[in-house]
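Let chain B serve as the given structure and place chain D on it in line with the hints.
Protein chains in written order, with our numbering: chain B, 3 to 127; chain D, 9 to 216.
Keep in mind that the hints were calculated from the coordinates and are not lab data. Among the hints, a few may not be true.
What the hints assert, rightly or not - Here are the computed distance ranges between Cβ atoms for each label pair: (1) T50(B) to E170(D): 16 to 26 Å; (2) Q37(B) to R151(D): 58 to 68 Å; (3) V54(B) to R55(D): 30 to 40 Å; (4) R175(D) to M33(B): 23 to 33 Å; (5) E72(D) to E34(B): 11 to 21 Å; (6) E72(D) to M33(B): 19 to 29 Å; (7) Q44(B) to D94(D): 17 to 27 Å.
Even for Gly, the Cβ is constructed at its ideal location relative to N, Cα and C.
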Amino acid sequence: MNDLGDRLPMEALDPGASDPRFWARFHVRAMEQAQAELGRRQAYARLTIPEVVFSWRRTLVPTALMAAALAGILLLGQGEASVPLSPLALEEALTQDLVVEPIPSILGRGDELDEPVFLHLVGGF
Amino acid sequence: MPFLLRGLNKKAFRRVRVSALIERTDGDLVTAALRGDTRAFGVLVKRYMRPGYLVALSVTGNAEDAEDVAQEAFLVALERLEDCRDRERFGGWFLTIVRNRARNLLRRERLRRGEGLSPEIVSGTGGPDVDLKRLELREQLERGMEGLSEVRREVLLLHDLEGWKHREIAERLGMPDGTVRSHLHFARRHLRGYLEGLPGRTPSGEES
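Looking at chain B on its own, in the form it has when it is part of the complex (with noise of 0.2 Å):
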């Protein structure tokens, strides 16, 4: 296909044909448009972080505040409906809640039981 010997005569529809100044004036008409939001943006890119921050001052402020008082609150729950814990020995802690199993009867043995044999029984060597 010749795409130039195929074409058909589109350029009427090309406003700028009959108006050489119409893509001008669009361009101009589309950068006043967009000069506040261009300019919005210039403002944010000059930023520095203490200007973030202070900028978030109205949000930042009260939030925080908030955070604060919501953690005293739960804090001071929780100090009124805690029951005192009772101490623990270590030993006692570790054993609880554990199934009493017969202790291997090799451990039973006492003075029989000679090095070789104990290695033997316990990991193959």
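Quick look at chain D alone, frame taken from chain B:
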């Protein structure tokens, strides 16, 4: 190299900077526009104002509506620039905004007409230098394109009026190259047939 630059006046300097901007990719321009760079956004407007207008025209079929839609679309695109994830594909993203806004406008217009309100009489660009022949041809083309699907109108306008290559259209409209060629072929055949069917007109648009 300050001694070399000393000789350049401000105007020449600006020209160099603008021409450097024109050569920059869409991605670079979008990045600069995100920071509020007026010149970068200006280049994007210049690059996509005609395609934007043509896509809007292919949806609305009306020159004035197309102009309004394309104008608004630039502002919307700037406001939502953060949503343009692939900055190098700004063109396709922008044309989608144009298409959606044009469709919304068309929907609103149809609703308005359905409510029994009289549609506004859309006047041409008018003015003392209006070329009547061109105006007549424009109306004929617009009527001829009414018989085409929206996507074929887009492809036809972007190729035959804006001069985009098949590959460029395929990339920006998000369709295979072969589909673009096919749409273009059928669109031309339809429009040529329409123009040939008009009394006293050749397919090239000239009066016989």
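To see whether the hints hold, each was checked on the structure:
no.: 1; hint: T50(B) to E170(D): 16 to 26 Å; verdict: violated, 43 Å
no.: 2; hint: Q37(B) to R151(D): 58 to 68 Å; verdict: violated, 38 Å
no.: 3; hint: V54(B) to R55(D): 30 to 40 Å; verdict: holds, 32 Å
no.: 4; hint: R175(D) to M33(B): 23 to 33 Å; verdict: holds, 30 Å
no.: 5; hint: E72(D) to E34(B): 11 to 21 Å; verdict: holds, 18 Å
no.: 6; hint: E72(D) to M33(B): 19 to 29 Å; verdict: holds, 20 Å
no.: 7; hint: Q44(B) to D94(D): 17 to 27 Å; verdict: holds, 24 Å
In this structure, the earlier hints numbered 1, 2 are contradicted, and the remaining ones agree with it.
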